[in-house]
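Asker: Chain residues, written in single-letter form:
Number of protein chains: 2
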Amino acid sequence: MPYGYVNSMKTRPGHRDEVAAILTGGADGLRAAGCRLYVVGLDAADDVTIWVSEVWESKDHHDASLRLPETRAAITRAMPLLTGEFSSRETIIAGGLGVTAG
Amino acid sequence: MPYGYVNSMKTRPGHRDEVAAILTGGADGLRAAGCRLYVVGLDAADDVTIWVSEVWESKDHHDASLRLPETRAAITRAMPLLTGEFSSRETIIAGGLGVTAG
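Chains Y and E are the protein sequences, given in the same order. One point on numbering: in full-length UniProt numbering, the residue at position 16 of the first sequence is 16, and numbering is uninterrupted. One point on numbering: in full-length UniProt numbering, the residue at position 94 of the second sequence is 94, and numbering is uninterrupted.
Pulled out of the complex, with its shape left as it was, chain Y reads as follows (with noise of 0.2 Å):
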């Protein structure tokens, strides 16, 4: 079954738009490490907490995107953009529309 992540972060004021672009820029990486799906959304509540809803071919697709350097180049970059207060929560895909549990 494929791996599911979804996650939020804060950024610092007035950088959102900032990390969103580092976020999503990453997509051509993404699919070669094994990503399906990788959906960044910017929070209607406020302006600066971001969701990013990930989903994997496995969990060790996802482990090992983390330690591949435009990961991590991509993080160093925003790292500083961010306030540090993170939540995640890790998923088994059942299934839906534009995603197969297989």
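Be a bit skeptical, because a hint or two may be false.
[Claimed, not checked] Straight-line C-alpha distance at most 16 Å; calculated EDC-like pairs for lysine to aspartate or glutamate: (1) E/K10 with E/D46; (2) E/K10 with E/D47; (3) Y/K59 with Y/E90; (4) Y/K10 with Y/E85; (5) E/K59 with Y/D43; (6) Y/K59 with E/D43.
Hints listed in this document are in silico derivations from the structure and should not be mistaken for laboratory results.
For chain Y, the structure is supplied; the task is to place chain E on it using the hints.
Answerer: Frame of chain Y; chain E shown alone:
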């Protein structure tokens, strides 16, 4: 910009797979109603929580879908299996992999 909705629900013990099947069973109708993505994930940390990450053409499409007969029927079937504990966040989709911001 597309509308995102990240939400969770808790099921009564032993009923999570049944609720997940109700949620994933409506995929074809969702597409016709303006839904682009509807990802159903089972929380890996317990056996009662479900996370749903949705992307819609607009908030109006999402709101209208809640009034469709098939949606109302699915809600009627699922409600007795839920505890009533929900969370939800509305987002503006910035992009990523598998979804476009336009």
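Asker: Please go over all the hints and tell whether each is borne out by the structure.
Answerer: Hints, verified against the model:
Using a Cα cut-off of 16 Å, the hinted pair E/K10 and E/D46 holds, with the two alpha carbons roughly 10 Å apart. Distance hint between E/K10 and E/D47 is fulfilled; the C-alpha atoms sit about 9 Å from each other, no more than 16 Å. For the hint linking Y/K59 to Y/E90, the alpha-carbon distance of about 9 Å falls within 16 Å, and the restraint holds. Of the pairs offered as hints, the one joining Y/K10 and Y/E85 holds, with about 6 Å between alpha carbons and a cut-off of 16 Å not exceeded.
With a C-alpha separation of about 13 Å, the suggested pairing of E/K59 with Y/D43 holds against the 16 Å cut-off. Straight-line distance between C-alpha atoms of Y/K59 and E/D43 comes to about 13 Å, which keeps the hinted pair within the 16 Å bound.
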